[in-house]
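Hey, can you work out the whole structure from these sequences and the hints?
Here the protein sequences line up with chains A and B, keeping their order. Taking the working numbering, the leading residue of the first sequence gets 1, the next gets one more, and so forth. Taking the working numbering, the leading residue of the second sequence gets 1, the next gets one more, and so forth.
Hints should not be assumed to be uniformly reliable.
Here are the simulated DSBU-like cross-link-like pairs (lysine-lysine), alpha carbons at most 30 Å apart as the crow flies [as the list claims (entries may be wrong)]: (1) Lys475/A with Lys328/B; (2) Lys328/B with Lys52/A; (3) Lys452/A with Lys373/A; (4) Lys111/B with Lys475/A; (5) Lys213/A with Lys111/B.
It is worth saying that the hints were derived from the structure and are not from the lab.
Single-letter residue listing:
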Amino acid sequence: MDALDLARWQFAITTVYHFLFVPITIGLSAMVAGFHTWYLRRHAPELLRLAKFFGKLFTINFALGLVTGIVQEFQFGMNWSDYSKFVGDIFGAPLAFEALLAFFLESTFLGLWIFGWGRLPEKIHAACMWVVHIGTVLSAYFILAANSFMQHPVGYKYNPQTGRAELTDFVAVLTNKVQLVTFPHVVAAAYMCGGAMVMGVGLWSMRRHRHDKHMYRKAARVGAVVTILAGLAVSISGDAQGKVMTEVQPMKMAAAEALYTTRDSCAEFSLFTIGSLNGEHEKYAITVPCVLSFLATGSFDGKVEGVNELKRELPGQISRAAAARGEPARYVQPADAVFTPNIPLAYWSFRLMIGIGMLAAAIGVAVLWLTRKGRADAPRWLVVAGVAAPLLPVLGNSFGWIFTETGRQPWLVYGVMTTSSGVSPTVTAASVITSMVVYTILYAVLAVVEIKLMLDYTRRGADPYHPTEQVAEDKPLAFSY
Amino acid sequence: MSLETFWFILIGLLWAGYLVLEGFDFGVGMLLAVIGRGRTSEETNARRRLMLTTIGPFWDGNEVWLITAGGAMFAAFPAWYSTMFSGFYLAMLLLLVALILRNMGLDYRYKRDSDRWRAGWDIAIIGGSLLPPLLVGVALTNLIHGVPVDRSGNFTGNFLTLLNPMSLLGGVTLVAVSLVHGAFFLALKTSGPVRDDARAVARRFAPVAALLAIALLVWVNVHTGTVWSWLVAGLGLVAFIGALVADRAGRDGLAFTGTFATIGATVACYFLAAYPDVMPSTTNAAYSLTVHNAASSHLTLQIMTGAAVVFTPVMLLYTAWSYWIFRKRVNAEHIAPQTDPLAEVKVG
Chain A
1 MDALDLARWQ
11 FAITTVYHFL
21 FVPITIGLSA
31 MVAGFHTWYL
41 RRHAPELLRL
51 AKFFGKLFTI
61 NFALGLVTGI
71 VQEFQFGMNW
81 SDYSKFVGDI
91 FGAPLAFEAL
101 LAFFLESTFL
111 GLWIFGWGRL
121 PEKIHAACMW
131 VVHIGTVLSA
141 YFILAANSFM
151 QHPVGYKYNP
161 QTGRAELTDF
171 VAVLTNKVQL
181 VTFPHVVAAA
191 YMCGGAMVMG
201 VGLWSMRRHR
211 HDKHMYRKAA
221 RVGAVVTILA
231 GLAVSISGDA
241 QGKVMTEVQP
251 MKMAAAEALY
261 TTRDSCAEFS
271 LFTIGSLNGE
281 HEKYAITVPC
291 VLSFLATGSF
301 DGKVEGVNEL
311 KRELPGQISR
321 AAAARGEPAR
331 YVQPADAVFT
341 PNIPLAYWSF
351 RLMIGIGMLA
361 AAIGVAVLWL
371 TRKGRADAPR
381 WLVVAGVAAP
391 LLPVLGNSFG
401 WIFTETGRQP
411 WLVYGVMTTS
421 SGVSPTVTAA
431 SVITSMVVYT
441 ILYAVLAVVE
451 IKLMLDYTRR
461 GADPYHPTEQ
471 VAEDKPLAFS
481 Y
Chain B
1 MSLETFWFIL
11 IGLLWAGYLV
21 LEGFDFGVGM
31 LLAVIGRGRT
41 SEETNARRRL
51 MLTTIGPFWD
61 GNEVWLITAG
71 GAMFAAFPAW
81 YSTMFSGFYL
91 AMLLLLVALI
101 LRNMGLDYRY
111 KRDSDRWRAG
121 WDIAIIGGSL
131 LPPLLVGVAL
141 TNLIHGVPVD
151 RSGNFTGNFL
161 TLLNPMSLLG
171 GVTLVAVSLV
181 HGAFFLALKT
191 SGPVRDDARA
201 VARRFAPVAA
211 LLAIALLVWV
221 NVHTGTVWSW
231 LVAGLGLVAF
241 IGALVADRAG
251 RDGLAFTGTF
261 ATIGATVACY
271 FLAAYPDVMP
281 STTNAAYSLT
291 VHNAASSHLT
301 LQIMTGAAVV
311 FTPVMLLYTA
321 WSYWIFRKRV
331 NAEHIAPQTD
341 PLAEVKVG
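This is the structure we're talking about:
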């Protein structure tokens, strides 16, 4: 593998890994803040116990989200320096905003929440976790705005003198139509992760900690409601996103469906395929008529373009558009052979994203039904589902990112810069492979440690109820190392 | 003043903020190996818990200064960001690994009651507190020293290129000054034996740190100094002497402020000495990256300026508030007895 392939693999590995923790951080911070605030209103001891219990799981998870995020920020400069030079003008600003507006909030207020028991007035203390949550959502907004620029570049102009893209309209970058559908989709998916974590841990703990089963039943039900509502929001925003995607990146939709020939109306949605997806052999597929047309265009008899037509038309279209913008050919002429993304990867990641997400919501429905009217004895199969529940939306998120990022290939910035022209020109393959090996080993070890800790803390259960007292001068701190 | 210059100053302030703030928690981290030692493993653990509790609420926020400095370089000077981080590749990798392990250590150390578990994370914290100031010191000094940059603005050296004597001195000096800075912070935030030891360490290390700092600042200024950079370097050294005098008088707060000012002045001296270069080329001075040829477009700088002017004061306010909330000294009585965080809980 050359430096380019290695850099791509490294980006994929570090990003997917980072994004296992991010959605849990976003979703769980809201759940913890919710329990803490609810306690202040109701003074029910179990609510404070749940806030502290899930707060512990939150901090274990937050630590890894943070450290893997630092790698992401510097990776652009390290492995993708030509890309960073070309779009730094537009792409750097959201990153700097993210640090200044979001990261300081998250880190400072999480420190206040962890160490603030007894030091802060109760309401302000609970508000600290809400501020952490706001920080995580702001952070998502800025990073998704930067990503949306790569999916659908707007608000810039190519400057032939400096040879790079320059910002012309920052509001356009922040309100990119791709961003407006992506942000709600990703945040809703993150709430699903937070909800499913609380639901799964609650379900499992109902069986493990019999004396506290009513408390964990409450957690499981609250988690289930959040998972279901967030799941609805995910599908509504995902549907909107599909239409925007078809408009700005028709090839991605065609690849998602492995649709080789254009359908003029009533394109069928493929649920499942056995056999080759290369368009040459007959495939055995279960399909639903007209649904793809609806997903892509909003009408059951809309036209959906296929890979073969797009392969013929798109290079010319993109070249003409780039020439009209005055951009150089080096950024607009990928070889035809690589003009399509990896179709089986797009097809399967798209299906797995949707299927796994729906499964999580279905578990939510089952939980609500089986724990209705005070029932706190979940059947064994549901507990097994509870163990799987936190993993499902997280995996759905991963497949969503794999789909959206690989479906954009061979473009780094869609229609403007190819992935191969963005890599660092003077970084050797040896350097990249060194860092990749180091990250992979380090991340693998940390994953084992984190999962072990999560399980141990879950197994142990929530602490007994201790209402918070304000710390007097010489009393021990409520929290110390 | 042009916007490019304004952002050059702002990035200087971000690096200064990073090193003065994380500087003390790096110092405390390194001192676990020195002050955090008792006659028994219980005493060692008790000392380390106390030391870590002083930086507990702050270190994470301090680290964001680095992330913000990096983000601001990306946004305001993309060519600088790209060349520096792709050029300093292996040094950056080491820095990231050190920070990852250190953060995980600080977050996970107390999550299990086991000597082996703690011993492992303590190595991560100590090593992860020593390496970053060393690497950042080397990297920033290379920006003054100059590195091989070609016509298209790419770094053409390798890892060994970065290890020139001046830059190595920069790294070692930052480690030494951070150590003294951390010791003053501990003296300010604790009482009892840990405070006594912190003051003793500060006194013992201060002459070494002072000699290194004098050598470094003279070298930097002889290399590329201006009147202003000489002046600021002088102020930094005066602050260092002031810190030692204040410490003798038992004025912990003043002593800490002194090393705070020394580190800040050193970064200021660097940026004053470098201006208008951000990455001088040793290949050909004409290829140097400067605040002018490495900067973003005017519009980007304007938008970023607006955001910085509005949000930096807000950020400084709540940061200051959190330092105020946790302003009290901690001592051994404040640390609850070690309990097993994973012990079975008894309810009802």
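Consistency of the hints with the structure:
1. Lys475/A with Lys328/B: 12 Å, holds
2. Lys328/B with Lys52/A: 24 Å, holds
3. Lys452/A with Lys373/A: 34 Å, violated
4. Lys111/B with Lys475/A: The hint holds at about 22 Å.
5. Lys213/A with Lys111/B: Within the cut-off at roughly 25 Å; holds.
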